[in-house]
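A.B. asks: Residues per chain, in single letters:
There are 2 protein chains.
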Amino acid sequence: MQIITDPTAMQRISEDLRMKHQLIAVVMTMGALHEGHISLVREAKKQAGTVILTIFVNPSQFGPSEDFHRYPRPFDKDAAMAKSAGVDYLFAPEPDLIYPEGFQTSVATGSVAERFEGALRPGHFNGVATVVLKLMMLTRPHLAIFGQKDAQQLAVLRTMVRDLNLNVRILEAPIIREHDGLAVSSRNMYLSTSQRELAPLLYKTLTETAARLAENSENYKEILDASKERLSSIPAMNVEYLAIVDRDTFVETRPDNDPCRCLLIGAVRLGGTRLLDNVQLPPRKTAEDGGA
Amino acid sequence: MQIITDPTAMQRISEDLRMKHQLIAVVMTMGALHEGHISLVREAKKQAGTVILTIFVNPSQFGPSEDFHRYPRPFDKDAAMAKSAGVDYLFAPEPDLIYPEGFQTSVATGSVAERFEGALRPGHFNGVATVVLKLMMLTRPHLAIFGQKDAQQLAVLRTMVRDLNLNVRILEAPIIREHDGLAVSSRNMYLSTSQRELAPLLYKTLTETAARLAENSENYKEILDASKERLSSIPAMNVEYLAIVDRDTFVETRPDNDPCRCLLIGAVRLGGTRLLDNVQLPPRKTAEDGGA
Numbered sequence: 005m006q007i008i009t010d011p012t013a014m015q016r017i018s019e020d021l022r023m024k025h026q027l028i029a030v031v032m033t034m035g036a037l038h039e040g041h042i043s044l045v046r047e048a049k050k051q052a053g054t055v056i057l058t059i060f061v062n063p064s065q066f067g068p069s070e071d072f073h074r075y076p077r078p079f080d081k082d083a084a085m086a087k088s089a090g091v092d093y094l095f096a097p098e099p100d101l102i103y104p105e106g107f108q109t110s111v112a113t114g115s116v117a118e119r120f121e122g123a124l125r126p127g128h129f130n131g132v133a134t135v136v137l138k139l140m141m142l143t144r145p146h147l148a149i150f151g152q153k154d155a156q157q158l159a160v161l162r163t164m165v166r167d168l169n170l171n172v173r174i175l176e177a178p179i180i181r182e183h184d185g186l187a188v189s190s191r192n193m194y195l196s197t198s199q200r201e202l203a204p205l206l207y208k209t210l211t212e213t214a215a216r217l218a219e220n221s222e223n224y225k226e227i228l229d230a231s232k233e234r235l236s237s238i239p240a241m242n243v244e245y246l247a248i249v250d251r252d253t254f255v256e257t258r259p260d261n262d263p264c265r266c267l268l269i270g271a272v273r274l275g276g277t278r279l280l281d282n283v284q285l286p287p288r289k290t291a292e293d294g295g296a
Numbered sequence: 005m006q007i008i009t010d011p012t013a014m015q016r017i018s019e020d021l022r023m024k025h026q027l028i029a030v031v032m033t034m035g036a037l038h039e040g041h042i043s044l045v046r047e048a049k050k051q052a053g054t055v056i057l058t059i060f061v062n063p064s065q066f067g068p069s070e071d072f073h074r075y076p077r078p079f080d081k082d083a084a085m086a087k088s089a090g091v092d093y094l095f096a097p098e099p100d101l102i103y104p105e106g107f108q109t110s111v112a113t114g115s116v117a118e119r120f121e122g123a124l125r126p127g128h129f130n131g132v133a134t135v136v137l138k139l140m141m142l143t144r145p146h147l148a149i150f151g152q153k154d155a156q157q158l159a160v161l162r163t164m165v166r167d168l169n170l171n172v173r174i175l176e177a178p179i180i181r182e183h184d185g186l187a188v189s190s191r192n193m194y195l196s197t198s199q200r201e202l203a204p205l206l207y208k209t210l211t212e213t214a215a216r217l218a219e220n221s222e223n224y225k226e227i228l229d230a231s232k233e234r235l236s237s238i239p240a241m242n243v244e245y246l247a248i249v250d251r252d253t254f255v256e257t258r259p260d261n262d263p264c265r266c267l268l269i270g271a272v273r274l275g276g277t278r279l280l281d282n283v284q285l286p287p288r289k290t291a292e293d294g295g296a
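These protein sequence lines are chains A and B, in that order. Positions in the first sequence are counted from 1; adding 4 to them yields my numbering. Positions in the second sequence are counted from 1; adding 4 to them yields my numbering.
There could be a bad hint or two in this list.
It does not matter which identical chain is used: a pair holds within one copy or between any two.
SDA-like, lysine to any residue: derived pairs with alpha carbons at most 25 Å apart [said to hold, decoys possible]: (1) K24 <-> R173; (2) K24 <-> N130; (3) K153 <-> Q108; (4) K153 <-> G106; (5) K24 <-> N171; (6) K208 <-> P99; (7) K50 <-> E19; (8) K49 <-> R162; (9) K153 <-> P68; (10) K87 <-> K153; (11) K24 <-> D260; (12) K24 <-> A13; (13) K87 <-> S43; (14) K153 <-> A83; (15) K50 <-> A230; (16) K49 <-> N130; (17) K232 <-> E118; (18) K153 <-> N171; (19) K24 <-> Q51; (20) K24 <-> L175.
None of these hints come from the bench; they were simulated from the model.
Could you build all of it, start to finish, from the sequences and the hints given here?
C.D. replies: What follows is the structure, encoded as structure tokens:
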């Protein structure tokens, strides 16, 4: 595995690989690698001859009161994990080389980025889209693999790739979970022992809510409200949203729409730590399927 | 010359050309081709084995009260001119294929796009930058050639290419002028006979002002004011700006800065038609050069 820190060198290497008809897959991360990231690398290796992993804690996607400075940066451990997962190139540029003096051009995302995470974290998705575009230009991938955990990010990036004709195939990989269901995330390490015990309740609520919706999709509002109330009744937990959205547009939708490309998404705050998760809603049960 | 209207087909052809180690130059236009555009094609042919000319009247760079609908679209004449100039691929996509339903992602330009044209035409440079990025992704050029007439556009695009790591070399080509000095422009055809007679006064004023500044750069404010007043005294002419700017940042600057990468830029309105022009200011005369 080759470690590259210079953007120009990365771009030259990836353009050369392309000219040699190598298929390039990229996995973009902020480091603090975990089993979720490694699952993306494994999928990348199945799909492409060359796998580039990027590690960049992108300042422009953090709000002023967020955790940019304390975000974990265990570079040596990350590099060892990347190497043993079979990464070919680890691209870890310095912020000054990604945002040099005078930097001023960015990607402006649209309506898919306005709600939920976009509303709670102003500027977040523009920061994500800008750095992903830059990293795509530097690594020149044929495909880029992202986890389904950041479902709205996936929708924003699919929209950007389509709108700006970037000609990169976006693959999504399933959420990796701890034994108790908690979605794996670099930020889980912020949780105290007692918070960590409560954390799986988000996923538990999502799966239970999805089961209820599958039985009785017409009363989806009441079901969502009851679930929200149940989560909110836990003293340490602050529910930010629990909603059914179209997975492409992130517009709130009814689960009995046919066809339903629906996600049940949720975000809670446990102390200072935000947890995100989502589950896919099954296609609607129709009368012909033997439903009531 | 091959005419292509489908963006996906264009992208496939340009990616294939790249894989065959063909050097690609692109000249982006809104059609209504004139000698200025043809000079860009000639330069492109010197620089690259394959020349793509794009014709796209981009709705997103026109303001609501601007001339999008009446902008000339003489496609057959343009195609004939392109062919005889030696263009290899003429890419002329339909607006619906460039901005399909749901399109929402754009490029947000920064401070270089705020003043002058950016201030007078809100949203113009974001529209330009977005379509240029898209056309670059579709034509995958090694180099793109733009005219110096739209000097602020050049500065905006250079900034975008640098900031977003687009890896396209931007070349600039000198302004082509009519026999009386008027910069060639597709919009000159809007001028009435009497307006056309007055139009060369913009360039005349710019060259005279540049000569005065070369002699006496310390009094640049007075010299600019006098020139503005002279142009404004012509009843049909409305001076929008006359200024000395850094050619990269478009920040107003002193012509006696050392080194001076200065442009003298001007814009006037003649009836409903805007005329833009600029001249480069010579490097500062220093005492060592034999100046006073």
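A.B. asks: Next step is simple, just say for each hint if it's right about the structure.
C.D. replies: Comparing the hints with the structure gives:
1. K24 <-> R173: both (19 Å within a copy, 22 Å between copies)
2. K24 <-> N130: Intra 33 Å, inter 35 Å, cutoff 25 Å: neither.
3. K153 <-> Q108: between (30 Å within a copy, 23 Å between copies)
4. K153 <-> G106: Result: close only across copies, 24 Å inter versus 34 Å intra.
5. K24 <-> N171: both (18 Å within a copy, 18 Å between copies)
6. K208 <-> P99: neither (38 Å within a copy, 47 Å between copies)
7. K50 <-> E19: So K50 and E19 pass the 25 Å test inside a copy (21 Å) and across (24 Å) alike.
8. K49 <-> R162: within (21 Å within a copy, 36 Å between copies)
9. K153 <-> P68: within (24 Å within a copy, 41 Å between copies)
10. K87 <-> K153: within (24 Å within a copy, 51 Å between copies)
11. K24 <-> D260: neither (49 Å within a copy, 51 Å between copies)
12. K24 <-> A13: Both, since 17 Å and 22 Å are each at most 25 Å.
13. K87 <-> S43: within (14 Å within a copy, 52 Å between copies)
14. K153 <-> A83: within (23 Å within a copy, 49 Å between copies)
15. K50 <-> A230: neither (42 Å within a copy, 70 Å between copies)
16. K49 <-> N130: The answer is neither: 29 Å in one copy and 38 Å across copies each exceed 25 Å.
17. K232 <-> E118: within (22 Å within a copy, 45 Å between copies)
18. K153 <-> N171: within (23 Å within a copy, 32 Å between copies)
19. K24 <-> Q51: both (17 Å within a copy, 24 Å between copies)
20. K24 <-> L175: Answer is within; shortest intra-copy Cα gap is 23 Å, inter-copy 28 Å.
Of the numbered hints given earlier, the model fails hints 2, 6, 11, 15, 16; all others are met.
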